[in-house]
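There are 4 protein chains.
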Amino acid sequence: MTVKFGLLGAGRIGKVHARAIRSDANAELVAVADAIPAAAESLARDYGCDIRTIDQIEQSSDIDAVVICTPTDTHADLIERFARAGKAVFCEKPVDLSVQRVQDCLKVVKDTGATLMVGFNRRFDPDFMAVKAAIDEGHIGDVEMVTISSRDPGAPPADYIKRSGGIFRDMTIHDFDMARWLLGEEPETVVAQASVLTDPEIGTLGDFDSVNVILRTASGRQAVITNSRRATYGYDQRIEVLGSKGAVSAENMREANIEVATEQGFTRPPLLNFFMTRYIAAYANEIAGFIRAVNSKGVTPTTGEDGLQALALADAALKSVQEGRAVKVSEILG
Amino acid sequence: MTVKFGLLGAGRIGKVHARAIRSDANAELVAVADAIPAAAESLARDYGCDIRTIDQIEQSSDIDAVVICTPTDTHADLIERFARAGKAVFCEKPVDLSVQRVQDCLKVVKDTGATLMVGFNRRFDPDFMAVKAAIDEGHIGDVEMVTISSRDPGAPPADYIKRSGGIFRDMTIHDFDMARWLLGEEPETVVAQASVLTDPEIGTLGDFDSVNVILRTASGRQAVITNSRRATYGYDQRIEVLGSKGAVSAENMREANIEVATEQGFTRPPLLNFFMTRYIAAYANEIAGFIRAVNSKGVTPTTGEDGLQALALADAALKSVQEGRAVKVSEILG
Amino acid sequence: MTVKFGLLGAGRIGKVHARAIRSDANAELVAVADAIPAAAESLARDYGCDIRTIDQIEQSSDIDAVVICTPTDTHADLIERFARAGKAVFCEKPVDLSVQRVQDCLKVVKDTGATLMVGFNRRFDPDFMAVKAAIDEGHIGDVEMVTISSRDPGAPPADYIKRSGGIFRDMTIHDFDMARWLLGEEPETVVAQASVLTDPEIGTLGDFDSVNVILRTASGRQAVITNSRRATYGYDQRIEVLGSKGAVSAENMREANIEVATEQGFTRPPLLNFFMTRYIAAYANEIAGFIRAVNSKGVTPTTGEDGLQALALADAALKSVQEGRAVKVSEILG
Amino acid sequence: MTVKFGLLGAGRIGKVHARAIRSDANAELVAVADAIPAAAESLARDYGCDIRTIDQIEQSSDIDAVVICTPTDTHADLIERFARAGKAVFCEKPVDLSVQRVQDCLKVVKDTGATLMVGFNRRFDPDFMAVKAAIDEGHIGDVEMVTISSRDPGAPPADYIKRSGGIFRDMTIHDFDMARWLLGEEPETVVAQASVLTDPEIGTLGDFDSVNVILRTASGRQAVITNSRRATYGYDQRIEVLGSKGAVSAENMREANIEVATEQGFTRPPLLNFFMTRYIAAYANEIAGFIRAVNSKGVTPTTGEDGLQALALADAALKSVQEGRAVKVSEILG
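Just so you know, the protein sequences line up as chains A, B, C and D, in that order. For the first sequence, position 291 matches number 291 in full-length UniProt numbering, and the numbering has no gaps at all. For the second sequence, position 151 matches number 151 in full-length UniProt numbering, and the numbering has no gaps at all. For the third sequence, position 162 matches number 162 in full-length UniProt numbering, and the numbering has no gaps at all. For the fourth sequence, position 91 matches number 91 in full-length UniProt numbering, and the numbering has no gaps at all.
Chain A with its partners taken away, still in its complex shape (with noise of 0.2 Å):
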């Protein structure tokens, strides 16, 4: 059966999403909604859809779901108000910035019984699936230890990272998930250090640009993040995984799979810098997820209490640093 979609934004994220749409055989965008009219015609245009406004979708009966793309600010209302609508949810990580906030807006989730999907993108990149299966496959045995490398190209402006939530909750938020995802248990414990190294500037917003996560579960599986936000080589997206029969790792993404080789050695090209074209494969099996739930009327691949989860690992990464104390989960979620 064919979900059809309205999506809830067009700004570069909205158009991601839209081209996945498009591109999956079991999905149709009917409309799209935005507050700058160019944006949504732009996209309408692109995709051949329609304009509406977000009451419009909410009352569309042609519309089985949406996709929101909106500003954080925004996620948790219209979360609530379209699973009251009886429409399947899409939202973009986060469900909000407040761990209070979010546990609300799952309640109402709950209540209504609506299908909702918190994105994680990297869980469906090929290759970090393909490193999952290994380990479900057991050719690693028993998890041990995750290792995961994250850096950002460069930071993003000062607007954005002071509405972001520091960095924990705007950056190592997808590899608290990837951490959860791959260690198979639910870390409970935190410990952290942070800096400002890259920019002064992230400093006097009261951010950091360097950080340093140790994640433990309750039987000793551990799990490190490693984040920067600047990384001159490109875009660097690496985890690596130890079990007690071995080990299995992802490598970077590249443009070309070229060397070339000189009196001054052998070269490579940096990697893809940037999220969409790094992920643009994970992006569409995302989406194919959330449609077959959808179609299925089954649990999505990600959900919000993934989101929440991701997020109070994020706060206690937060009040380790500030603390310098090692601090347990189940002092954030209460």
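Think of the hints as simulated: they come from the structure by calculation, not from any bench. Errors might be hidden in some of the hints.
Computed Cβ-Cβ distance ranges for the label pairs, DEER-style [what the hints assert, rightly or not]:
hint, chain 1, residue 1, chain 2, residue 2, range
1, B, Lys110, A, Thr53, 56 to 64 Å
2, D, Ala158, B, Gly324, 29 to 37 Å
3, B, Glu305, D, Glu201, 50 to 58 Å
4, D, Gly138, A, Gly141, 25 to 33 Å
5, A, Gly141, D, Gly11, 49 to 57 Å
6, A, Lys328, C, Ala25, 27 to 35 Å
Virtual Cβ for every residue (Gly too), placed ideally from N, Cα, C.
Position chains B, C and D against the provided structure of chain A, taking the given hints into account.
Here is chains B, C and D on its own, set in the frame of chain A:
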């Protein structure tokens, strides 16, 4: 301007081109023709186009260009016919298995002034394009030696081999084209060796499955091509170019870029093992290049002459094997 | 000038140093001492040197320098004794398991003006030296993050673990030294997490087998160390340094640089799985560095202070695990 | 039993063998002879051996074996002379540049029953041995295609080229030996192409600097050899073998296994660029193999026959270039 396409042939390569046309913003697939009605119907349904006969397509004023994906022995006739009908023509290699027939056909194309592109998909592979760009930008100095390793995962069925014109005209022809492109100078002399190692039936059919060829240009540049019809580890497609200042190479593609480490060692997955998956981006770029040429009334990125030269090299290689000597390309082209 | 050596301890690490001394044109192995006569005899026969007691070596006027490879609990006493005897001293890490005892010992060394080198073999590995050179030559700009993955092929016997001082003082200590060397700034704060995952007996002995540590310097540079006592695929020793202009990393070493490709994928051999094989070049370079320092009466490339600082980081890491908080190195060094 | 050696020739390859003999527990270097007194003195001093004349070594009862490192035109005479004197003989390739002379010399060796090893160092390289072992253990099934890329960092001086016998007899001869070893079946037919691309002076001397050769055995197995006298990125030495069940390859060696990542890309150092450094382990293994053969009175791992066959392939390749045809090895060996 949108180029409106008729597709001749709804087989597997026809579908590849249909998909490329659909995903190109400057192209529209108007109609498909196929001798087998079910094949035409299936493709028309999947890609939302009309079903017409070849005659109808020839006379359709709403069709600017055709893509010929019919059996090889129909190519030359169809090229001539659509050239005369004023359509731009994209034809899968080869134009014909006979050098004389190709020469006659190209004369018709020339006389009609038609746009003709002969498909050599590998030139449009992003990695191979990056190799060519590295050469053109001077990173390796003057080209001296080209090395091409090209191995299929497994031999095609006997029926296919019978009609294929033999390994040099069917498989090595792609490598001949790559060699010409990378050498930057026309090969003058060909020596080759050929064996049957993977399946005696191939020998019974008068063909080979394992060949090596050396090409030499007038100035002494050389290219080595090594082919096998069988590589258990996947579709093996590597190129390497040595120049006066260095070398550049392109690596194979895998399904996933992961590595599993155990007591037995470090293992990465086999190669992508199907040419359509391996060259999916190349096919899209190829059609895009054709569309640009049609729109600009310019030269196509690969031409009928390219088809002729590659075929002549194939004939020279076969003659070299048969006569145990170095063969000049001029002996073939007369 | 040839430096004449006495070797204290004829065990496996003693043999490594004997070989390094023999292969160095500026060194001569004069005598060996070992509590087990058979061990001393075997080494003396293989390397063509005398057998003497420790007392005799202390009084030998034909010996300039000693290499201490005896059990850890004898190191500090022997260092003091030979420093007082006017010999140059090379001692395997650690000087002692007690920070206080190390501090007392280093005071004696200082008072006698003796030359003391504490062995941290990894700094002399050619690949790691190339990493350091890349940093020092400015290729990656200012150092920001150091990542060290260090995993043993398997845990040592329980008997060894009992006397080892625990994983931080026995195994991670090498990584603490590498981190200090690569950070280029003294770590100030330590957080760590530790688990028992590979063998419950290790837990029974009060030790851990799986640890992660984050170090932070005053200016905010950070190092992450990840350790496991078990890696089925060999002796895993990787370093990576991120700087303001780029990153540099060193790869593992294998027995053979080959790859076998089959239907199952592409497989390279496991890693070299014994520290003496992995670091054979490092041990030779290390002794050569000591010889140069003795001959030039200069500073040794690694010092007693290096041994002290690495031990303090180990103690801080253990305290961090025990107390669930960030620990300052100054708390340890007092 | 310790094999006592006389070394004929104290040049750079003589030193390589002197070092290999010294580091072998089963060998002793007794004396060196060289026409240049200073060369003999220097080597004798460095390796602690006598200086004798060739006549004296021939008559020395305390010498079991000789290593011939004198100029090529003396090899055959010296082999015959020392074979008659009852010494075991290790001779650097080639025995002679004339097939007839080699055949005559091998007849003398056969008649005297002497032990003769002709040095083909590459067979003793640990990585290439691992490739051979993978084949012998059946990992790739039946051998079908061997691909050898062998490029020198730069051409030797004109004086050397004049006396070298040409690129096929001087450089490719190593690859011919490797091809025979890996094919596991004697090549029957040779085709080759040759050019002068790196330096016109090489052409003036009647030689080539860029050659490609295809070898074919009776059963159809093939080997491709690609050679250049210039590779700016170092000493390029790769082999790859395709079999019915898979493939195995060996990679190049670098000075350091590091990678620097910057905005410009990911760069690894150039290759080791000197054959003595690249093959240091091979030379040691080679002499060890000779010593084992002498001690066991067994067959040497490489023989005079190996030298003859490789030379015949070189002559066949040259004839193929000169006559523009496939040449049978039987035409050369008569």
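Do the hints match the structure? See the list:
no.	hint	in the structure
1	Lys110/B <-> Thr53/A: 56 to 64 Å	59 Å, holds
2	Ala158/D <-> Gly324/B: 29 to 37 Å	35 Å, holds
3	Glu305/B <-> Glu201/D: 50 to 58 Å	37 Å, violated
4	Gly138/D <-> Gly141/A: 25 to 33 Å	28 Å, holds
5	Gly141/A <-> Gly11/D: 49 to 57 Å	55 Å, holds
6	Lys328/A <-> Ala25/C: 27 to 35 Å	60 Å, violated
Of the numbered hints listed earlier, those contradicted by the structure are 3 and 6.
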